[in-house]
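A.B. asks: In this note's numbering, the protein residues as written are 7 to 257.
Keep in mind that the hints were calculated from the coordinates and are not lab data.
Some clues are possibly wrong.
Unchecked claim - Calculated pairs, SDA-like style, for lysine to any residue (alpha carbon to alpha carbon, straight line, at most 25 Å): (1) 108 / 191; (2) 94 / 105; (3) 108 / 133; (4) 108 / 188; (5) 97 / 32; (6) 108 / 140; (7) 251 / 220; (8) 69 / 55; (9) 251 / 188; (10) 94 / 33.
Since we're looking at a predicted model, the values are computed, not measured.
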Amino acid sequence: MIYGLPMAVDVDQETFQREVIERSQELPVIVDFWAEWCGPCRALTPVLEQAIAERSGRMELAKVDTDANQALAAAFQIQGIPAVKAFKDGKVVAEFTGAQPKPAVERFLDGLLPTEADGLIAAGEEDALRRALELEPGRADAAVPLARLLAERGDSDAALTVLDGVHGSFAADGLAARIRAGDDEQLADAFRALDAGAVETGLDALIEAIAGAGDARRDDLRRIVVGVLDELGAEHPLARSSRRKLAAALY
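Produce the complete structure using the sequences and hints provided.
C.D. replies: Have a look at this one:
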């Protein structure tokens, strides 16, 4: 025991779902795949235990004996041990194989924890979003809501400046295209529908506007639609049906 915290929970085929997959919906769960005969495993486990205990309950450690749980080892393609896999939201999000020194283990674990910018983005206030971008420039999940706030109060130039610092984000590209098209009366009804929560109506109107549009306008309309779909999420039923409509309109 360190700091009064349990070192780890031993998991097997029967308890893995509950102790790792389900628990990782609440906080990161670090899984140490090991075996009794493995010398590097015996060296790594105490390092993991101490480092996780020092992070004050913000993550948990689970241990899987690969000899006793060969089906689990096969399911997660364990080819060498010790093998460490970090689970968040039921999925493996980071991993390493082999014994590592404590500084490397600590960097690995810290990469799984929310940063200061994450907390500021969750707050969602303008000053917090600005500070998040100072800490981590280019974060779309900070820039998009900040730009939206600025655009809503009529400061379109400032909103576009914020979005210019973001690369590789469909949501940011789509919002920038919408801001640039803000004075287009033909799209006013579509934008009002989106803002009112009638997303399908707004998307259908935008997709319909693609027909007969010039190349530059078509591209901006495509960016706007794709940005909305990105925020809906790839698996959203409306996103799936709207992607088919968009493809038909473009091609």
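A.B. asks: Which hints from the list above does the structure break, by number from lowest to highest?
C.D. replies: Per hint list: 1, 3, 4 and 6 violated.
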